[in-house]
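Q: Sequence:
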Amino acid sequence: MKNSIVLFTSDRGITPAAAAKAAEDAGFYGFYVPEHSHIPTSRDSNHPGTGGEIPDDRYLRILDPWISLATAAAVTSKIRLGTAVALPMEHDPITLAKTLATLDHLSGGRLTLGVGFGWNVEELEDHGVPGNKRRTVLREYLELMRELWTNEVASYEGEFATLKPSWAWPKPTQPEIPVLVGAGGTEKNFNWIARSASGWITTPIETDIEE
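Heads up: the sequence shown is residues 1 to 211, going by the working numbering.
Hint data in this document are derived by calculation from the structure and do not stem from the laboratory. Possibly wrong hints are sitting among the right ones.
What the hints assert, rightly or not - Ranges of calculated distance between the beta carbons of each label pair, as one might list FRET restraints:
id, residue 1, residue 2, range
1, Gly158, Ile39, 25 to 31 Å
2, Asn191, Ser10, 22 to 28 Å
3, Asp126, Val153, 31 to 37 Å
Unchecked claim - In silico BS3-like pairs for lysine-lysine, Cα to Cα no more than 25 Å straight-line:
id, residue 1, residue 2
4, Lys171, Lys78
5, Lys133, Lys171
6, Lys188, Lys171
7, Lys171, Lys98
8, Lys164, Lys98
9, Lys2, Lys98
10, Lys133, Lys188
11, Lys2, Lys21
12, Lys21, Lys78
Even glycine gets a Cβ: it sits at the ideal position worked out from N, Cα and C.
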């Protein structure tokens, strides 16, 4: 069994670099961080874990995942580095493809891209993503990024993403950056994963540890 750590990075507490180094030294297989650009103060979306409000203020203070993982890559050599989960729909996919390819290149091929559909619909809408189209946007963005990662001349035409024939380097060090989807275990989600991803991240269950 390979065990990994998911850390809600924050502007308080341990840094991602220090946490990743400690995890690697302890023998963990992977180090993962989440992503939220912001949390709207007023929203109708319910948190998937509580069914209502977010459990605490950790969601308000999350660090940028790509910078966090870059600092972790600089002080580690073996542990896999990834997101659990990121929201590619909140980014320009051409720029994000470059960021992820660079991170994989500089880390020696250790990147895993964990993505989610985005439970916080209002957050996505602030990025111009229609809530009822977020699965389509995610699929198209992943397809476009794979085009850039694998082809010398890449192009793409979709409803929400377009790329004219273009060159882009670096390419990822790995033959394929693994894409895992964090979502509930439903038939609809599994069908989406089978079509567009490499694997599944189960929905975590939190348990308090007594000191």
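Q: State for each hint whether it applies.
A: Hints versus structure:
| no. | hint | verdict |
| --- | --- | --- |
| 1 | Gly158 x Ile39: 25 to 31 Å | holds (29 Å) |
| 2 | Asn191 x Ser10: 22 to 28 Å | violated (35 Å) |
| 3 | Asp126 x Val153: 31 to 37 Å | holds (34 Å) |
| 4 | Lys171 x Lys78 | holds (20 Å) |
| 5 | Lys133 x Lys171 | violated (29 Å) |
| 6 | Lys188 x Lys171 | violated (32 Å) |
| 7 | Lys171 x Lys98 | holds (8 Å) |
| 8 | Lys164 x Lys98 | holds (16 Å) |
| 9 | Lys2 x Lys98 | violated (29 Å) |
| 10 | Lys133 x Lys188 | holds (15 Å) |
| 11 | Lys2 x Lys21 | holds (17 Å) |
| 12 | Lys21 x Lys78 | holds (10 Å) |
Hint compliance for this structure: hints 2, 5, 6 and 9 are not met, and every other hint is.
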